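If you read the sequences in order, they're chains A and B.
Going letter by letter, the first sequence gives residues 1 to 142 in the working numbering.
Going letter by letter, the second sequence gives residues 143 to 555 in the working numbering.
In short, the hints are calculated from the structure, not lab data.
Just so you know, these numbers come straight off a predicted model, no measurement behind them.
Incorrect hints may appear among the rest.
[Stated by the list, open to error] Footprint (simulated), chain B over chain A, 3 or more residues, beta carbon under 8 Å:
1. 32 to 43
2. 59 to 70
3. 122 to 132
The beta-carbon is built from N, C-alpha and C at its ideal position, and this holds for glycine as well.
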Amino acid sequence: MAQTSLDNLYKNSIILDHCRFPRNSSPISKIDFSGNAINPFCGDEILFELSLNDHFCIEEIRFEGEGCAITLASGSMISDHIKGMSIEEVSVFTEKFRLDMQTNSCKSFHNESDIFVLYDVMAFPVRIKCVLLACSALENLH
Amino acid sequence: MINIDQIRNDFPILSRKINGHELVYLDNAATTHKPRSVINSLVDFYENHNSNVHRGVHTLSMEATDKFEEAREKISSFINSQTSQSIIWTRNASESLNIISYSWGNKNIGEGDEILLSPMEHHSNLIPWQELARMKGAKIKFLSLNIDGTLDLSNIDELITQKTKLVSIVHVSNALGTINPVKELCEKAHQVGALFVLDGAQSVPHMSVDVQDIGCDFFVFSGHKMMGPTGIGVLYGKMEILEEMDPVFTGGEMVLEVTYEKASWADIPMKFEAGTPNIADSIALGTAVDYLQNIGMENIHDYEKSITSYALKKFNTLESEGVTLFGPKSSDQKGAVFSFHIPNIHPHDLGTILDGMGIAVRTGHHCAMPLIKSLGVSATARASFYVYNTMKEVDTLIDGIKSAIRYFGDGSN
Numbered sequence: 001m002a003q004t005s006l007d008n009l010y011k012n013s014i015i016l017d018h019c020r021f022p023r024n025s026s027p028i029s030k031i032d033f034s035g036n037a038i039n040p041f042c043g044d045e046i047l048f049e050l051s052l053n054d055h056f057c058i059e060e061i062r063f064e065g066e067g068c069a070i071t072l073a074s075g076s077m078i079s080d081h082i083k084g085m086s087i088e089e090v091s092v093f094t095e096k097f098r099l100d101m102q103t104n105s106c107k108s109f110h111n112e113s114d115i116f117v118l119y120d121v122m123a124f125p126v127r128i129k130c131v132l133l134a135c136s137a138l139e140n141l142h
Numbered sequence: 143m144i145n146i147d148q149i150r151n152d153f154p155i156l157s158r159k160i161n162g163h164e165l166v167y168l169d170n171a172a173t174t175h176k177p178r179s180v181i182n183s184l185v186d187f188y189e190n191h192n193s194n195v196h197r198g199v200h201t202l203s204m205e206a207t208d209k210f211e212e213a214r215e216k217i218s219s220f221i222n223s224q225t226s227q228s229i230i231w232t233r234n235a236s237e238s239l240n241i242i243s244y245s246w247g248n249k250n251i252g253e254g255d256e257i258l259l260s261p262m263e264h265h266s267n268l269i270p271w272q273e274l275a276r277m278k279g280a281k282i283k284f285l286s287l288n289i290d291g292t293l294d295l296s297n298i299d300e301l302i303t304q305k306t307k308l309v310s311i312v313h314v315s316n317a318l319g320t321i322n323p324v325k326e327l328c329e330k331a332h333q334v335g336a337l338f339v340l341d342g343a344q345s346v347p348h349m350s351v352d353v354q355d356i357g358c359d360f361f362v363f364s365g366h367k368m369m370g371p372t373g374i375g376v377l378y379g380k381m382e383i384l385e386e387m388d389p390v391f392t393g394g395e396m397v398l399e400v401t402y403e404k405a406s407w408a409d410i411p412m413k414f415e416a417g418t419p420n421i422a423d424s425i426a427l428g429t430a431v432d433y434l435q436n437i438g439m440e441n442i443h444d445y446e447k448s449i450t451s452y453a454l455k456k457f458n459t460l461e462s463e464g465v466t467l468f469g470p471k472s473s474d475q476k477g478a479v480f481s482f483h484i485p486n487i488h489p490h491d492l493g494t495i496l497d498g499m500g501i502a503v504r505t506g507h508h509c510a511m512p513l514i515k516s517l518g519v520s521a522t523a524r525a526s527f528y529v530y531n532t533m534k535e536v537d538t539l540i541d542g543i544k545s546a547i548r549y550f551g552d553g554s555n
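Required output: the full structure, derived from the provided sequences and hints.
Structure follows, in structure tokens:
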């Protein structure tokens, strides 16, 4: 079981690509909102900085992370996923995605961006918190 | 020589399959597995002797009390305490250290006093002293660390002064495996009239410990790291010091006489054991001590030393792959604890990959955050061995690490 799931999780996967080459890691021109989160059990940390356009939607985003492949890939993927959203939409997204990951009831985002691969992490319950650290950082936006 | 196959047969969990593989359990510094005799001891107590202790004249109560006090005797002789009265049951080493800090510390540490620690302390032997120092205006000082993870004692006479009231040191580091020169440190502490506290959580399961020979004033450890149940630990203290200490917890069991206005305390050790104690687990810890003594602590130490030597050699072959092993590189200075770091593979990812192969290692900061930070990493992977582990399991670990490096290196397996 685990080897197959492990293959899904790491091997030749989009996760490793995001971990090695995180998206949206360059500095942005202005910072309207920022939010970070730390996992006290392992020390993993994620920071998002973002700027809004005239329509109050995310124009630029920067993601910075320190941690395991899952934490980093999740931060990178989610930074791509929320580009163009309003702050309210980000909040709807984090709530829905968190519920998906924690209840294993539905995969709301299976077609839209790379984040669908994060659902594979549900086979490793102890690592779900690594995926959700990015959500916690976004929930702390101020 | 010890018969490892026979020992392994005593541990039911070792025959479990994890993710389709034989379990290779290398997280013994976190907790150890329990032999059948310890598990049976718990069942036997609840099935045949269950009763409260020290407070009944009926048969079951007397049986429970006898077994409970017999376990205390076993612990006492295991660490060569002067008397079993010096053995106080606690939940774990952390609670034992907190009792010293709250009781002895509160009474004896004042403004400007100094507490000396090592930089490799588990949070349990750091935070209670931080809290005490904060409340009392005392100061915490730290010994230095050599690059190989041993303590640098070259400036010890500058660090232990007349201001030093307490020296509290880990016997064997849970993060680096370093075996510290505790007898020498104890002597230094006593030369200036300071007390010496020894955290034996990682030593007493693996080697023979004689508290009188070391001379320590307090010795603390946890039952679950030495084949005993969780939730039971020990605080050993010298009688003359315990006599002067006030109880931290009050209530039932720990009193001599009570009126509506006041109470007087029972004798040691009961003065420190308020409420119904953890009877079944204390008794089962006594059974764990029987089991360890049956193998022989010298035999256990010798065997683990050979595992350490073998694993050190094996880790050496991983150096070319960029693997950094922290801590001493000699089995004379190191217990069978291997903390390591692989570039570009976060320990949690390594832990998940190894788990897929049935190998259980710990990943993270090992409750020694400042130490791990000082190594220049945010976390390490740690493989820690016990007497039921085999040389073959060292090979399995090393192969697992190599496979993880390939996994993350080029995506092939």
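Going down the list of hints, with the structure as the test:
1. 32 to 43: Check passed, 3 qualifying residues.
2. 59 to 70: It holds: at least three residues are needed, and the segment 59 to 70 of chain A offers 5 whose Cβ sits within less than 8 Å of chain B.
3. 122 to 132: holds (count 3)
Violated hints for the displayed structure: none, as all numbered hints are satisfied.
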